[in-house]
Structures are given as structure tokens and as C-alpha cells.
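**Student:** Based on these hints, arrange chain D on the given structure of chain R.
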Amino acid sequence: MIWNEFIETADREKLKEIQNERFVKMIERMYYNVPFYRKKLTEAGIEPGDIKGIDQLKDLPFTVKDDLRDNYPFGLFTVPQNQIVRLHASSGTTGKPTVVGYTKNDLQLWSEVVARSLTMAGVTKEDIIQIAYGYGLFTGGLGLHYGAEKVGASVIPISGGNTKKQLQLMVDFGSTVIACTPSYAAHLGESLVAAGIDRKDIKLRAGIFGAEPWTNELRKQVENLLGIKAFDIYGLSEIIGPGVSMECECQNGMHIYEDHFIPEIIDPKTMEVLPYGELGELVFTTITKEAMPLLRYRTRDLTRLHVEKCDCGRTLVRMEKCMGRSDDMLIIRGVNVFPSQVEAVLLEMSEASPHYQLVVNRENNLDTLEINIEIDDQFWSDEIKTLENLKKRFQHNIASTLGISAKINLVEPNTIARSEGKAKRVIDKRITNSE
Amino acid sequence: MIIKQLSVFLENKTGRLTEMTKILSENHINISAFSIADTADFGIVRCIVSKPEEAIRVLKEKHFSVNITDVVCMIVPHEPGGLYKALKILSDNNVPIEYMYAFAFDNAASVVIRSESNNEVIRVLESNQMKLLKASDIYQI
Chain R
5 MIWNEFIETA DREKLKEIQN ERFVKMIERM YYNVPFYRKK LTEAGIEPGD IKGIDQLKDL
65 PFTVKDDLRD NYPFGLFTVP QNQIVRLHAS SGTTGKPTVV GYTKNDLQLW SEVVARSLTM
125 AGVTKEDIIQ IAYGYGLFTG GLGLHYGAEK VGASVIPISG GNTKKQLQLM VDFGSTVIAC
185 TPSYAAHLGE SLVAAGIDRK DIKLRAGIFG AEPWTNELRK QVENLLGIKA FDIYGLSEII
245 GPGVSMECEC QNGMHIYEDH FIPEIIDPKT MEVLPYGELG ELVFTTITKE AMPLLRYRTR
305 DLTRLHVEKC DCGRTLVRME KCMGRSDDML IIRGVNVFPS QVEAVLLEMS EASPHYQLVV
365 NRENNLDTLE INIEIDDQFW SDEIKTLENL KKRFQHNIAS TLGISAKINL VEPNTIARSE
425 GKAKRVIDKR ITNSE
Chain D
1194 MIIKQLSVFL ENKTGRLTEM TKILSENHIN ISAFSIADTA DFGIVRCIVS KPEEAIRVLK
1254 EKHFSVNITD VVCMIVPHEP GGLYKALKIL SDNNVPIEYM YAFAFDNAAS VVIRSESNNE
1314 VIRVLESNQM KLLKASDIYQ I
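Those protein sequences? They're chains R and D, same order as listed. Oh and the first sequence: position 255 is 259 in the numbering used here, straight run, nothing missing. Oh and the second sequence: position 67 is 1260 in the numbering used here, straight run, nothing missing.
Treat the hints as calculated values from the structure; they're not laboratory data. Note that the structure is predicted; figures quoted are calculated from it, not measured. Ideal Cβ placement from N, Cα and C applies to all residues, glycine included. Just so you know, not all the hints are guaranteed correct.
Simulated pairs of lysine to aspartate or glutamate, EDC-like, Cα-Cα distance not exceeding 20 angstroms [claimed, not checked]: (1) R/Lys389 - D/Asp1234; (2) D/Lys1255 - R/Glu378; (3) R/Lys69 - R/Glu294; (4) R/Lys169 - R/Glu194; (5) D/Lys1255 - R/Asp380; (6) R/Lys168 - R/Asp205; (7) R/Lys108 - R/Glu294; (8) R/Lys396 - D/Glu1204; (9) D/Lys1253 - R/Asp381; (10) D/Lys1253 - R/Asp380; (11) D/Lys1206 - R/Glu416; (12) D/Lys1255 - R/Glu416; (13) R/Lys56 - R/Asp71.
Calculated Cβ distances over 10 angstroms to all of chain R for the following chain D residues [unchecked claim]: (14) Val1251; (15) Pro1273; (16) Lys1278; (17) Asn1286; (18) Ala1297; (19) Phe1298; (20) Leu1326.
Extracted from the complex, chain D is given alone in its bound form:
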């Protein structure tokens, strides 16, 4: 249930993001989820792509500072209280979250979660009948 997320360190400079996505595009790598965490001087791009290993290789070739981070992706109903219900399970079980981002489509929403204890996230969510995406599912979204 672990998903390989791509994390890229970028300085806050015009055009860097465009360059990064260009490289992915040229290598026919699809982006399924995407978020940026930014500070005054730099940002971290986190994304889930169709071919993470290949993405790393091509980005490193172009001197991007990139690594793989393990994350979990769960599916919650696209309705009021959907996210709340899932997060309550995690907090009731004292599972810490480092960061998360989400996207919704049709009837469901996907939530990407990064925790120091990813396996704990998986165990707790599954034992509470929450739906998690498999790596093979999400790379194809």
C-alpha cells in the first residue's frame, strides 16, 4: 500500500517548475497528483507520477535535487465529513501526519498522507475499513 512519491527541491526561481514538468513530459511521464510546499527561499514539489524510478533518473540527469518518499493514499467519499472521518481515525490512534494533500473527482477524493509511521497509517485505516489505493492503481490515475 506504500506509494512512491517524487519529492523535488526547487529554489524559488522563475521557470524552474516549468523546466521540471518539461522533462517529465518529454519522457512521457504522467503526473497524477501534485503539490508544492513553499518557503521564502525554496519549495518542495511533491508529486505522484506514472514511472517514479524513471522520473528520478531523468530529473537527476538534469541536476534536479530529487528523491523518493514513501506515502500512503487513501480514498474518502467526496461528501461533507468524508475527510473528517478518516482523520479522526488517525488522531484517535495517535498517528502523526507530516503533511498531506488531496484531490477530489466524481464521487471520491484521494488523500495523500505522509507520516513518520506510514505502516501505522495503513494498519489503522485498513482496520477501520477505509479504502486505500494500491501503487498500481494510483500510477494509472
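Only chain R is shown next, with the shape it has when bound in the complex:
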């Protein structure tokens, strides 16, 4: 099934025509409405009249996450506030979150791309979809929600957590599709077994999973536990939210909706554009978004693009599952975590940041975060209660900054491995365990 056959199976030349037209208009809007972009383009010696099409994309400046923070909250919006109908913000970032805004048209566009995605997973108006992504500032819940309504499916906006209720409604309402993070899907599957619910009592047949990296091994596990076919959805709030790309039934990469988002792969060191098939950093330019279009936004996700026509009939470019990051960001339980945030918390609580290390693991299919902190003289006490209080304060401040809880371990000095004098900040056991 294809939601928008005209676009999704379009001849690539035809698609490029559409892209060129939209791209030229977008550059114009950026130039005249956003001082940040006018300055950037001017510095690059570009005026709107110079831009004829997307072949010129490679000569244009990049946008990075810090640009969003520097223009917090609404500095990159191209429309006045009275045209903004929705605001979302990223979770778990130091200091200021990154804010994204949507006009009415943007929400329609978002619903459209999510509708296409759901259709790839075979979702129709006959389905009952349980949306167990968080609803709120996070784009997951509401993003899936409006797309599912557009398809005409019956939506259960249950949001994340409360596993018992999830299982109850899954049985009682007969949900046929579940949308959540892959690790939560695995948790639901195991809870289903633990609760003694027979597979015959649930009607699930498909799952739409994203918002965190996951392996094919976890896919098989979730498919077995829940008796479903698991589909990978990709997105980031800066671009639109979930629905930037999605896997079709061929499960051979995720189709990017290029009539709205133009992907490029660059070498993160030289910033040169790489040809199809090569591994590099994924960069997106949004060509239809009204409220906050982005020019060559660096996602930091590492992947490859493939342009060959898919067996499903779609001509849209496919991206592989992301294989890491060009920065040190971690995604833990769907929340973006930078080691520097932990450092900032430690610095707030002390004169000099002690040595610390993040250990990320996956236990019972839920991500865990432990933070080892070396005890040095500034934290020293020989009283248990003082040290326990210190641990609690770390725990509290870390949780309120990162948005997720972490187990704090106080460790002896010099026990965190150092290489070339620098402590190894992150051990991600999810990667080593799954390969």
C-alpha cells in the first residue's frame, strides 16, 4: 500500500523539479524573514536570485544544533508568532532546550508524512493503533497521533509507561498496531509473557518503532515476543519529528520523503558531500516547512543513502539504520544525553569536575545509565551519611538536567580508565553486547 503514489513512486527527474521549485522559494523565505540565515547566506556571498535549484545545495552553509540554541527560543522562525499553532522542545539538553514551531500547514505536512509512514506498515482505517510514545513536548506521541488520525485508524493515545494498562487495553480494545520505542516494545513483550497473557488474546500485527537506535537482533526479539512485524521509523524534532523516513514492507532501509526533506551525506571532517552508498553524516534541508525551515541541518547521525528503486515500487531514497553519531550524543530511553551535560552538573556542585564515566547498558530491554564518579578531596568525608547525601544530590541534579534517572556510583580515585591522560567518558555496553 502506498499513501501518496504520485510522490512516492515519482520519476526521480520529476521529483527533482518539485524539489528545485520548493527549494528556491524556501531560500527566499529564509533570506527575507530570518536575520540568522540572511547573515549566513550573505557571508557565503549568496543572494536569493542566485539560487536556481538543489544542485547548488553543496555550496550553501550548514545549520547546527547550537544555532538553534543561540537563537532560542523563536529566533529561527520565519513567520510571526500568531501563525504558530504548536511548539515542541527537545528533551534533556543542557540549559536551553531546542525549540521547534509549526504552522497549520506544517502540522498538515507532518500528518501527511506520518500517514505515508503508517501506510508503509500496512496501517489503514481498519486498524486500532496504540500510541505508547510520550505525549507532550516530545514529538513522538503527537506526531504519530495526527498521522494515524489522517489515515483514519482508531487512535488510543495512551502515551508512554504504565505497562499494566498498556497490556489491558491491548487485550480489551484489540489494538492491531503499537507505536513506541523499540526497547519499550521489548519490555511490553516480556511483560505480556510475565502476565500470562496468551498471544491469541491480542490482535497486534505491526509495530512502529523509533526514537532510539536499535539492532536487528532486538527487532527479531520484539517480533517474536509480540508476534508482529516491526517497522523502523526515523525522525528528529528539528526536521519535523517522527516521519522523516520510514521502512516499507521490504525492510531494506527507510524511505526519505524527499519532496519535503532533502538528504545529503557529508564527510563530517571535510564537510564534502559524499556519493550515494558511502557512509557519512546525514544532513537535511527542509523545503516545505513554514515555521522553521532548516538549511543543511547536520543531524550527526551516521548512515548511508541508496537511490536504487525499491521492490515496493517507491523511488524515494532509502537511508540505512543509523550506525552511530559524529558527536558523542547518546540516546538513552529515547532521551538525548551528552556527556557534557553530566560534566556541567558536576561542575555546578564542585570546584573542579571530578573524573566521571557514563555506563549505558540494556537490562530487561530497558536502557540503564550508571554514572561513576571518582571521590576526590573536594567531596571527601568519612561519614556515610554525608557521602550518601552527596550521592542523592548527584542523582537528583542529574535527573533534573538529563530528564532521566541514573544510578550514581562513588568510586575510588584513579579507577576510571584513562587513555592519554583523558578519562574514557562513555562505555556503551548496548553496542558491544548486540554486535
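**Tutor:** This is chain D only, laid out in the frame that chain R set:
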């Protein structure tokens, strides 16, 4: 009357305590009193040794997290009510105790006391004719 106690932060890992005492042994440092306060993840070793400054130095060299804590050591009779009598004096005078540990030998028992107000402990106990050990006494025990 202040005694220099060694406090060492140790993770709950097999062999750490052995390693610590090995270092003291190799440097001919005698341990007179010893206790461990533990939690699920870590412990604090508190001990009184013959050469506290040297002990700190050699342990720090081996990357132990170690510091000196001031404590008071009193002597109570090794008999029923001996400890009670001493503690009652402190509580009657509202002197708080952070932690303590004790060891008995022959006719007497030594009690190591850590308080936020060590000097208050000393004043109260001495004015009640309780016997306190001097630093020079205890390092030689």
C-alpha cells in the same frame, strides 16, 4: 587529646582491604584500632595507626582516597555499665556523636568517638573525671 584517625574510602571490591593493609605492613605502620562502615557500594575504613602522616602519604601514593579525621579516645572500665556511664555524660550534655567504635582489653576498654564538636566531648568527659587517651598513648597501643 585529639587523636588523628585515618579514614579510607574503599569500593566494595574483593582484595581492596588486603591491599590497603599490605601497604601499611610494608611501611611498618601498626594498626591500633580498626573499623569499617559499609554501604551497598562502598565502605569507609577508620583506623588508628602508629604513624598517621606517613600512612596517609604512602596510601595516597597508591591512589587510595584517604584523609585524617580528628577523633577522641576515652578509656572506660571493662565492666557492665562502663560504656553507659560515659555515654550518659555526653547525652546529658547534649553532645552529638557521629560514630564510634570500641575495643576492650584486660580491665579497660577504649572507645573511639567522632563528634562534630570533639572539643566539647573532651571538655565534658574530662570535667566528669573520665579518662582520655593522649595521642602519644594510643599510637603505641
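**Student:** Next step is simple, just say for each hint if it's right about the structure.
**Tutor:** Hints, verified against the model:
no. : hint                 : result
1   : R/Lys389 - D/Asp1234 : 13 angstroms, holds
2   : D/Lys1255 - R/Glu378 : 15 angstroms, holds
3   : R/Lys69 - R/Glu294   : 19 angstroms, holds
4   : R/Lys169 - R/Glu194  : 15 angstroms, holds
5   : D/Lys1255 - R/Asp380 : 14 angstroms, holds
6   : R/Lys168 - R/Asp205  : 15 angstroms, holds
7   : R/Lys108 - R/Glu294  : 9 angstroms, holds
8   : R/Lys396 - D/Glu1204 : 17 angstroms, holds
9   : D/Lys1253 - R/Asp381 : 11 angstroms, holds
10  : D/Lys1253 - R/Asp380 : 11 angstroms, holds
11  : D/Lys1206 - R/Glu416 : 11 angstroms, holds
12  : D/Lys1255 - R/Glu416 : 11 angstroms, holds
13  : R/Lys56 - R/Asp71    : 26 angstroms, violated
14  : Val1251              : 15 angstroms, holds
15  : Pro1273              : 30 angstroms, holds
16  : Lys1278              : 26 angstroms, holds
17  : Asn1286              : 21 angstroms, holds
18  : Ala1297              : 23 angstroms, holds
19  : Phe1298              : 25 angstroms, holds
20  : Leu1326              : 20 angstroms, holds
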